[in-house]
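K.L.:
As you go down the protein sequences, you meet chains A and B in turn.
For the first sequence, my numbering gives the first residue as 1, with consecutive numbering after it.
For the second sequence, my numbering gives the first residue as 335, with consecutive numbering after it.
It is worth saying that the hints were derived from the structure and are not from the lab.
In this text the structure is predicted, and so the values were computed from the model without any measurement.
A few of these clues could be false.
To be verified - Straight-line C-alpha distance at most 30 angstroms; calculated DSSO-like pairs for lysine-lysine:
| # | chain 1 | residue 1 | chain 2 | residue 2 |
| --- | --- | --- | --- | --- |
| 1 | B | K500 | A | K250 |
| 2 | A | K250 | B | K545 |
| 3 | B | K476 | A | K250 |
| 4 | A | K250 | B | K524 |
| 5 | A | K56 | A | K72 |
| 6 | B | K481 | B | K524 |
| 7 | B | K500 | A | K9 |
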Amino acid sequence: MRIIALVLKRLTWFVPTLVGLLLIVFTVSHIIPANPAVVLAGEGATQAQIDAIKEKFGLDQPLPVQFWRYLKSVVSGDFGTSLYTQRPIAEDLLTRVPATLELTLITIVIAALLGIPLGVIAAARRNSFIDHALRFFTVSGLAIASFWLAILFQLLFAMKLGWTPLQGRADSWGPDPVTGFFVIDAIIQGDWDIFSDVVSHLVLPVMTLAFPAMATIVRFTRAGVLDAINSNYVLYEQAMGLPQRVIVWKYVLRNALIGTVTQIGLIFGILLAGAVVVESVFDWPGLGLYAVNSILRSDYNGIMGFTLITGTIFILVNLLVDILHGTIDPRGAG
Amino acid sequence: MSDRLLAVDDLTVSFSSDAGRVQVLDHVTFAMSRGEIVGLVGESGSGKTTLARAILGILPANAAHIESGGIRFEGEDLLQADPADIATRVRGRTITFVPQDPFTSFNPVFTIGSQIMELMKWKSPLAPPSSGLSRYARTRRKADRVKVIELLKTVQLPDPEAMLAKYPHEVSGGQRQRLMIAMALMTDPKLIIADEPTTALDVTIQAQILKLLRQLTRERGVSVLFTTHDLGAAHEICDRICVLYAGQEVETAPAGRFFAHPSHPYTRSLLDSLPSREHGIRGIRGEIPALVNPPAGCRFHPRCDRATGECSALRPSETAVGDLHTLRCYHPLSQPEPASAAS
Chain A
1 MRIIALVLKR LTWFVPTLVG LLLIVFTVSH IIPANPAVVL AGEGATQAQI DAIKEKFGLD
61 QPLPVQFWRY LKSVVSGDFG TSLYTQRPIA EDLLTRVPAT LELTLITIVI AALLGIPLGV
121 IAAARRNSFI DHALRFFTVS GLAIASFWLA ILFQLLFAMK LGWTPLQGRA DSWGPDPVTG
181 FFVIDAIIQG DWDIFSDVVS HLVLPVMTLA FPAMATIVRF TRAGVLDAIN SNYVLYEQAM
241 GLPQRVIVWK YVLRNALIGT VTQIGLIFGI LLAGAVVVES VFDWPGLGLY AVNSILRSDY
301 NGIMGFTLIT GTIFILVNLL VDILHGTIDP RGAG
Chain B
335 MSDRLLAVDD LTVSFSSDAG RVQVLDHVTF AMSRGEIVGL VGESGSGKTT LARAILGILP
395 ANAAHIESGG IRFEGEDLLQ ADPADIATRV RGRTITFVPQ DPFTSFNPVF TIGSQIMELM
455 KWKSPLAPPS SGLSRYARTR RKADRVKVIE LLKTVQLPDP EAMLAKYPHE VSGGQRQRLM
515 IAMALMTDPK LIIADEPTTA LDVTIQAQIL KLLRQLTRER GVSVLFTTHD LGAAHEICDR
575 ICVLYAGQEV ETAPAGRFFA HPSHPYTRSL LDSLPSREHG IRGIRGEIPA LVNPPAGCRF
635 HPRCDRATGE CSALRPSETA VGDLHTLRCY HPLSQPEPAS AAS
């Protein structure tokens with residue numbers, strides 16, 4: 001019951017949040033001194049041609065009117081057409097969402113599966129060699145810029161060692177599209193050559209994204225575990241002679257995860273933003289690369305579409321985090 | 335003594351701190367018999383909690399140093415034995431624990447039932463001793479659960495079944511402490527260490543909890559080591575009272591004698607400090623010494639009206655002044671005040 005109430009409460013905020021987000025991005029993108037009509041009209045176009053294009057896309061209207069028109073069309077399911085590719089934005093995004101989600105979801109899962117146990121170990125053996133080694137590792141993970149790390153990985157693993165492909169999602173066209181997630185589609189198709197090709201393409205971008213994500217998870221888990229280990233309930237559990245491994249991996253960890261789960265939700269947002277950089281370096285045909293191209297071409301509808309879709313994903317992920325929170329910690333009011 | 339259950343002998347414990355070694359327990363000697371309820375009385379910082387935790391074997395490993403002495407429980411020296419073995423075989427089985435703060439001593443994110451059943455899984459009298467297996471056979475689980483429900487009824491908790499499904503924050507403080515007492519009894523222990531079990535509770539509930547603790551342990555012949563700074567609470571349930579001052583035990587006496595004939599100057603002033611109709615509230619002059627560099631000899635001597643030179647030179651040895659009544663003082667109150675102190 002508590003969970004349902006929470007979901008309803010969050011969903012009422014869903015639309016206002018998105019509208020606010022769109023308003024900000026709309027304003028920022030439209031007031032920067034860029035003129036897509038000029039770009040579209042091409043070199044040597046006359047002012048009349050430019051004005052015609054402006055009129056066609058409604059760019060001659062005042063900004064509030066443009067925004068209102070955009071909102072109306074979004075509500076009716078029309079995200080507009082790309083000023084650049086002339087294709088519907090929704091169609092463009094639909095092919096790119098799975099590429100980015102595949103990347104970020106695999107990254108989050110790997111970062112959590114490695115980061116949580118390592119955080120527990122660092123805390124349980126505080127100030128040991130392994131704790132210091134992990135601290136070095138996590139500080140590096142947070143300090144190193146991802147585009148630089150991505151290029152280093154490419155140089156080492158793709159160019160010098162030749163273990164992984166340099167960039168892209170697949171060598172060929174990839175598996176027949178069913179879900180758009182190449183890993184899943186390859187399994188559905190039962191083609192293990194494509195599967196291993198797809199996985200090998202994932203290795204470098206996932207490593208680049210997972211490194212800082214994992215560093216954050218290790219640090220938050222470690223802090224959460226240390227906090228819990230010094231609590232009265234751990235003292236009680238020790239006084240009653242429960243096995244130390246049960247105390248740490250069951251009772252302490254669950255308390256520590258409350259903070260870690262919140263953090264994972266935030267990391268997901270950071271990953272979506274980080275995808276912009278990493279997808280550019282690895283030429284990954286996802287939302288990030290699409291956003292970069294849209295911005296470079298002043299493709300307003302593309303920028304807005306990207307904002308809308310990542311905003312929605314991020315809000316849904318945070319809703320999921322809140323639900324998880326409620327399941328882990330019974331005290332939460334939501 | 336054949337009914338000797340616990341003997342703490344010459345125990346010295348220090349803690350590392352930034353200011354240096356803190357000498358928290360200074361050659362403490364103290365014993366308990368089977369079925370006895372002993373109160374360990376002292377101010378904050380007197381070392382009573384450290385002594386309780388030393389017996390449980392849960393002093394912080396990196397900060398605490400046991401410098402000398404032994405803790406014999408049923409003839410076995412707990413300090414010499416393998417710590418892992420003590421954890422499985424003694425802790426939670428023959429020695430159990432009632433914590434000071436029932437609010438924070440339950441794990442907040444697990445139901446009360448799952449925490450109790452975890453305890454029974456590892457520590458129930460039906461569980462094979464020292465087994466490292468994490469399997470919990472269904473038949474044993476059933477039998478354990480019957481016993482759990484029975485005990486929850488015994489500690490007068492309403493609707494035990496519903497109680498097990500609740501989370502700790504859904505239960506009142508008094509009920510939580512009843513649960514803690516039930517959990518301490520569930521594994522049929524010989525000794526319960528109750529570390530200020532009523533300090534965190536409302537005054538009205540304190541008396542109920544103390545009465546319950548005494549009644550249930552009496553019925554089962556379980557010994558209780560009860561630490562408190564509350565002489566009233568000690569009076570309520572203890573057979574014998576031992577007073578700690580700044581890490582030294584100063585006087586031990588049966589409860590009746592303790593209140594009627596306190597012999598150590600510190601005990602006297604402690605009893606005098608209780609508010610009364612005749613003299614109001616009377617404090618003890620001076621302050622508890624810092625334990626980084628404690629006074630030599632009897633640590634109470636800087637605050638004692640009867641102190642003489644020998645008090646600061648060497649700690650007095652234990653002398654018996656009555657049946658089960660021992661103290662460590664050169665100038666006990668039953669004797670006339672020495673002339674030197676008056677001059």
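K.L.:
Run every hint past the structure and note whether it holds.
P.N.:
Evaluated hints:
1. Taking the CA atoms of B/K500 and A/K250, the gap is near 19 angstroms; set against the 30 angstroms cutoff, the hint holds.
2. Simply put, A/K250 and B/K545 have alpha-carbon atoms about 35 angstroms apart, too far for the 30 angstroms limit, and the pair is violated.
3. Straight-line distance between C-alpha atoms of B/K476 and A/K250 comes to about 23 angstroms, which keeps the hinted pair within the 30 angstroms bound.
4. About 29 angstroms separates the Cα atoms of A/K250 and B/K524, which keeps this hinted pair within 30 angstroms; it holds.
5. Simply put, A/K56 and A/K72 have alpha-carbon atoms about 17 angstroms apart, close enough for the 30 angstroms limit, and the pair holds.
6. Proximity of B/K481 to B/K524 is assessed by CA-CA distance (about 18 angstroms); at most 30 angstroms being required, the pair is judged to hold.
7. A distance of roughly 25 angstroms separates the Cα atoms of B/K500 and A/K9; the hinted pair therefore holds under the 30 angstroms criterion.
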